[in-house]
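A.B. asks: So you can see what is in the structure, the chains are spelled out below.
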Amino acid sequence: MKRLLFLGILMLATPVSAATLSPDDTDLGRITAAKAADGLVIAVDADDKMPLATHVVARFQNNQPLMRGRDGLWAVWDGDPAHLDDVGVIPAEGKFSFAIFDRLPAGLFFPVSFTVIVQGATGLTSGTLVVDGP
Amino acid sequence: MRLITALWFVLAVACDARAQTAPSLTVADVDKIIGQALGEAAARGTNNGAIAVVDRVGNVLGVYAPNPANIPLLTITSGRGIPANNGLEAVNILPATYGALAKAITGAYLSSSGNAFTTRTASQIVQEHFNPGEKNTPSGPLFGVQFSQLPCSDLARFGEAPGIGPRRSPLGLSADPGGVPLYKDGQVVGGVGVLFDGVYGLDLKIEDYDQNLDELIAVAAQQGFEPPADIASRITADGKFLTYADVDKRDLKSTAAVAVNPANYVAVAGYTPAGRRAGAAFGTVGAGLRPEGRVEYPAVDAWVLDDGLGNNRYAPRNGLAPAAANGGLAAAEVRTIVSEALKVAFAARAQIRRPLGSYAQVTVSVVDAESNILAVARTPDAPVFGTDVSLQKARTAVFASRPTTTSELRAVPAVTLIPGTLSTPPLASYVDAAQALLGPTAFADGVAFSDRAIGLLARPFYPDGIEKQPPGPLSKPYAVWSPFNDGLQLDLVLPDIVARLDGSPPPPQGCTALPRSAAAGPGPGPTRLANGLQIFPGGVPIYRGSTLIGGVGVSGDGVDQDDMISFLGLHNAGLALNSGVGHAPKERRADTLDAAGLNPRYVQCPFTPFNTSREQNVCSGK
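Each protein sequence line maps, in turn, to chains A and B. Reading the first sequence from the start, the letters are residues 1 to 134 in my numbering. Reading the second sequence from the start, the letters are residues 1001 to 1622 in my numbering.
One thing to keep in mind: the hints can contain errors.
According to the in silico footprint, chain A covers these stretches of chain B (three or more CB under 8 Å from chain A) [to be verified]:
hint: 1; region: 1149-1161
hint: 2; region: 1366-1374
hint: 3; region: 1517-1527
Worth flagging that the hints you see were computed from the coordinates, not collected in a lab. In this text, a Cβ means the ideal position worked out from N, Cα and C, and glycines have one as well.
Only chain A is shown next, with the shape it has when bound in the complex (with noise of 0.2 Å):
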């Protein structure tokens, strides 16, 4: 079951699978929330970096960012990233794989902009995708 939802979900991820973080903040392109109904997976390029930490943060329209935990469970975000829970993520075939959500939740604040962060040995670089309102 995993395994499907992160092959459809791959699918979905394929504008921003190629891509590669950066300490400026890649741009890694906006997707509508119905594209992003059955799940959400960002892949990106692992560039040969085993990193030392991974984080996601979603940002709405307001002033109150989360964190996801390694748990899965989400928290609201101080904005300081040395408080941001590590999620695990570890390279495989190449990409980082970032499971953002199974199922598109109900009553989410759109637009939601997922950050995915990966703290190498020289410092933060980071991707980060919007997801529109349906």
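Model the placement of chain B on the given structure of chain A, informed by the hints.
C.D. replies: Showing chain B alone in chain A's frame:
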């Protein structure tokens, strides 16, 4: 605090009982408004253009084109003969639907239960003199407001599906006659905008009475939805009446509405699908603006922005830059600043509202030193335009007061958008001009600029309004200046506006090519001016001791009232908090600068401004 994923998305919708009774536009109303417009257009022998109807928070309820297959283009012009390649002047690539939308939004956003303003009112208050054409008088009080509600704003909502507001406008606010508010039971329920004459301009001569085609059609459309007579044409600023319209129903030729063709409600990419729909009731969760409930701000009857799910979009939070732990604003301090500013508003005698003696209605925004939004709140009937503008003002005060502004502006290169038609200069040109006037360290030395001080540098004459004087350093020269080509304000955002003329969504970091907030962490933190620069008064920077930690902006009433509410609100908060938060040290304020023998004014407060006291010089010495 950790929330489980499910709870994150399962949010109670809090319906406000008061809001249930707020009037709103129905689909039948929209058809009636359009039909009345079509009747007047037909009586005047024209049948090609666009009519837009929006609700009070900017949801597009319908855009009607009598000839959908051949919607005419509009030409943007001030009428001063300024050629293309000067801002938006002479641009003629946009459909009339865009102009109609901007005009409808302007009518809705500028108005309230206490004042009815139109795009003709806007024309009167955004030009180089007030009144336009009166030589050597200062500029209009809302000089620069046309570049608000921008399509790249990080605050304004966007998209084709109706929902919460306030929504963006494709061209900002309009000064082209033909945009009027719509009322039910004395309350604003929306606006209607008309563009049939092919021109998106303004009125250079206000001493005459025009028979403007767009305005005639808009006034016809508005029949049955007019404002109370007391709040139109009877409002003054600086002792001058603010014009509502040059025509009224006695000028109309039509006698009946024309039946609408539902198929002629056209789609406008990024703003509305085809068809028409009912408006949101103002003051509800669904409209995105609703009573706060005295939970966050127990001392005042505040309203807040809602995310459509019952959550305050901008509840007070800690500053990120500097971090609260490092001397930045704490959430409790932000709450106090907003609350104190609203208290001043509730005590202040409104300038632009009837009846006389009403209190001022405004929106208050607070940001940190990197333009992260820390709080937004408002009084109940504040005009909607002030939501975006108050945030612009807070950010502008911070941006201009940062010591990095020179280098950040110098890093923005010239941009050619359409060769020979649309381009922007390198923004270093404005820095060079500012340093020629203010000295070599201008915008790099940490001088505290209020919005009033910045605005004085952004007028086409320096000093403001004095003919034949050179332009302010942030303005275009008068030979090519117009409200469509006003200088740094537009050049910062013109590429963003043009990039969204196809209706595409705003970038997540908002407007401008300026740096993003680093303190917001990896990802799209807001740019320094993520909803654009604003250049009329009503914002000041916030300091702790001598350290810049944020800005507060206020918008919605007269500019002196806005100025006072931001200035006194921060001052009073400082007294209440006793934590070092307050104004910039006096010796660092922009009014200590020698700018060609003049001191740019920092703040200007009204004389005897309160309904609740007879205090006179309320800002003096603070």
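A.B. asks: Please go over all the hints and tell whether each is borne out by the structure.
C.D. replies: Quick rundown of the hints versus the structure:
Given as covered by chain A, the region 1149-1161 of chain B passes the check, having 5 residues with a CB less than 8 Å from a CB of that chain where 3 are the minimum. Proximity of the region 1366-1374 of chain B to chain A, defined as three or more residues with a beta carbon under 8 Å from a beta carbon of that chain, is established by the 3 residues found. Remark: the region 1517-1527 of chain B is confirmed as covered by chain A, as 6 of its residues place a Cβ nearer than 8 Å to a Cβ of that chain, reaching the required three.
Comparing the model with each earlier hint shows no violations; every hint is respected.
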